[in-house]
Structure formats: structure tokens, C-alpha cells
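Input sequences plus hints: build the corresponding full structure.
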Amino acid sequence: MAHKATKKKNIGTKAQQALKKQFEQSKIAKKKANKDRKREEQEGRFLQKRTKRREKHRGH
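Just so you know, we're using our numbering here: the sequence shown kicks off at 3 and counts up by one.
The hints are simulated quantities; they were obtained by calculation from the structure and are not laboratory data.
Ideal Cβ positions, reconstructed from N, Cα and C, are used throughout, including at glycine.
One or more of the hints may lead you astray.
Stated by the list, open to error - The calculated DSS-like cross-link candidates involving lysine-lysine, where the alpha carbons are at most 30 Å apart (straight line), are:
#	residue 1	residue 2
1	K22	K32
2	K34	K16
3	K58	K33
4	K37	K51
5	K51	K33
6	K16	K33
7	K16	K6
8	K22	K34
9	K40	K23
10	K34	K6
11	K11	K40
12	K54	K40
13	K22	K37
14	K11	K34
15	K51	K40
16	K23	K34
17	K34	K51
18	K58	K34
19	K23	K33
20	K22	K11
21	K22	K40
22	K40	K29
23	K6	K37
24	K37	K23
25	K16	K40
26	K29	K16
27	K51	K32
28	K11	K33
29	K11	K23
30	K29	K11
31	K6	K32
32	K29	K6
33	K32	K11
34	K33	K22
35	K6	K23
36	K37	K54
What the hints assert, rightly or not - FRET-style restraints, in silico, Cβ to Cβ:
#	residue 1	residue 2	range
37	S28	L49	24 to 34 Å
38	A31	K11	35 to 45 Å
39	K58	Q19	55 to 65 Å
40	R56	K34	54 to 64 Å
Following this line, the structure appears as C-alpha cells:
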């Protein structure tokens, strides 16, 4: 907590602050996109496994 409080100080020029803000926003966007992509992949793997399981039990 104390580390975050000291980290919030506005140090640097306005341009540096703008770059930092832009970097943080892109980092958040990347994180969200990565999370969505991983969730989609996991869902796809689950559907494949479920289909395979059903095929095994289907019979001849």
C-alpha cells in the first residue's frame, strides 16, 4: 500500500506523463484481449473434448 501511494506522484514532464498513461492504457487493453483469447481457446478445447467423449460413447 505504501509503495502505491508513493508511486502515484506525478514525476516527469507532461509528455512523459502522457506516454506513461498511454502505456498503462495499452497494457490494460492487452491484458483484457489476452484474457478473452485464453477464455476462447479454453472454451474451444472443452467443446472438442466434449465432442470426443460423446463420440466414444455413441456406439457402432
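Tell me the hint numbers this structure goes against, listed in increasing order. Per hint list: 3, 11, 18, 25, 38 and 40 violated.
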